[in-house]
Amino acid sequence: MANQTLAHSFRESPILRPSGLIVLAILTATVVILTATGSRITLSLLAQATIISIMALSVGFLARTADLISFGHAAPFGLGAYGTALVFQHGIPAEVGIWLVLVAVFALFFVIGLVVGKLNGIAFSMLTLALGQFFFVAVSKLRAITAGADGMTVSLPRSLFGLPSRTFQTPDGMFIIAAVILAALVILIYLFEASRTGRLAIGVRENEERVLFLGYRTKILKAAVFATSATIAGVSGVLFALYQGFVSPEIMHWSFSGNALIMAILGGSLAVWGPVAGALVFFFLREWLSDLTEHWLAVLGVILITVTVAWPGGMTGLAKAMRTRISGRERNGGGK
Amino acid sequence: MTTSLLELRGVNAFYGSAHILQGVDLSVQSGERVAVVGRNGVGKTTIVNTLLGIAAMRGGSVHMRGESLLKLAGHTAATHGIAVVPQGRMILPNLSIEENLKLGASLRRPGEWTLDRIYGLFPMLAERRRSPGTALSGGQQQMLAIGRALMANPDLLILDEPSEGLAPVIVDELEKLLRDLTETGVAILLIEQHLRLVLDLAERFYVLSKGHVSETGLMKDVDRETLQARIMQ
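Quick mapping for you: the protein sequence lines, in order, are chains A and B. For the record, in the first sequence the residue sitting at position 157 is 157 according to this note's numbering, with numbers rising by one throughout. With positions in the second sequence counted from 1, the corresponding number in this note's numbering is that position plus 1000.
The set of hints was computed from the structure by calculation and includes no laboratory data. No residue lacks a Cβ here, since even glycine has one placed at the ideal position from N, Cα and C. Just to be clear, a hint being listed does not mean it is correct.
[Claimed, not checked] With beta-carbon atoms standing in for the labels, derived distance ranges: (1) Arg1065/B to Thr324/A: 52 to 60 Å; (2) Asn1094/B to Ile220/A: 40 to 48 Å; (3) Thr1134/B to Leu318/A: 22 to 30 Å; (4) Phe284/A to Thr1134/B: 56 to 64 Å; (5) Asn1094/B to His90/A: 45 to 53 Å; (6) Asn207/A to Arg1065/B: 26 to 34 Å; (7) Phe134/A to Pro1110/B: 43 to 51 Å; (8) Leu34/A to Asn1094/B: 56 to 64 Å; (9) Thr1079/B to Ile145/A: 30 to 38 Å; (10) Leu27/A to Gly1031/B: 37 to 45 Å; (11) Phe134/A to Pro1168/B: 53 to 61 Å; (12) Ile220/A to Pro1110/B: 43 to 51 Å; (13) Ile122/A to Ala1056/B: 53 to 61 Å.
[Stated by the list, open to error] To give a feel for the contact side, a few chain A residues facing chain B, derived at Cβ under 7 Å: (14) Gly215; (15) Ile220; (16) Trp254; (17) Phe256.
Using the sequences and the hints, build the whole thing.
Pasting the structure below:
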């Protein structure tokens, strides 16, 4: 039965349509070429951008699946990062420890989701903002555990998941690892959306009350979606800690949640890949602008406002508009 | 004494501090077709909302097959065999017709209603199973909403204003369909403002007035004018 459900999800998922497979092949080739030819600085930026893409993916997943905008996803990101640092510091078996951190993030945010999931719209966003700041302050103040504002060094063991630890801290190694994990998460989200539970989640997004009256415990489903999204952010945090080798409270500040949200909005939520594309564009735009001018934040703001006004659906909205235009031209006989 | 399928005794229900239902008594037997009629705003839909836990019940009791439903909540009505076709149908727009139907089988209650049987009843839904639910006309959406409710294999089907916005010829089809459904043992509680469907379909009626039942009786004992007059009293 479970196999049938999985097979059904595979059949229904756009990722395994020819176009999806072609995109996957192109992206794989791009990663290989960039790894082989990119400079150390380029690869370092790519590694960081890919890790942050996973964070944006988590925020976008929540927005797309549950129509909920989180201002507090820096919290699970930070918990993933700090959890990893603490696992290594206390000599807990590394692989088991990292899995436990992710399971703990899921469990914690499932319970939180049962409470905050009762809210929608701006109330939900404000509550997640407050929650995020609570964790930020907690990490800053619990000096005995987290070293407070001084931050913690992440001391990696000699090997991790069968790979030498150095692999996680070199730009090319982390770029490939993060890209593989990102691709796996995107595929899993596509499969989830095509599954029965995924369709149910879409139903809850459309009309929670109606799905509730059909006999479903929608609050549990919403909490599970929230926790899954938080766990994806946690994965991003784990990778961040492994790559940077250092964690500090800044990564849990609300402004980091805001950045992830901007990336998700820039990319759009009409497709799963939207927040990933948004994150990559945002990251490299920021790097490029900060090289050009010290007022790069203002320029970035203007660009973002322009993009948001011109294409409210973000990059996915733009892609959809272009596709509609091209197919319209084809129907009209060749673009007159 | 036979146990009613659904029985409301002295139900008082509130929206916040607004006291809407003021001691409503109502019962439905298995396979029966019962209508609740009344003017706008007398509390007809509140009966449904009380069963779904939207309106707060503070007084009275609700029994399903003699079992007291102590804590009414959105998801529990389906557990007890109550399916609701809501006012406005509430088709989920981004799901296909088939996905909308499948969502109806939430609890996998044992029963005769399967996807194939729903498609047998509504061939038009089978032909367009991959189309979005909102691509259907009003009448077709009503069929989809009924099909989705039946997928839960309910003992009681509650329809809230099902004829709203439908052409007379579609209402006739709906009446025949609902009549056929009761032959399979499903009871129907029809909440309706328009009397055409009520007169053609129901066996018993309740007139609701200012939050309580002002009159009840057999449909065969009243004609349209009498019923209309009692509603307007």
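I'd like to know which numbered hints this structure contradicts. Please list them from smallest to largest.
Violated hints: 2, 4, 8, 9, 10, 12, 13, 15, 16 and 17; rest satisfied.
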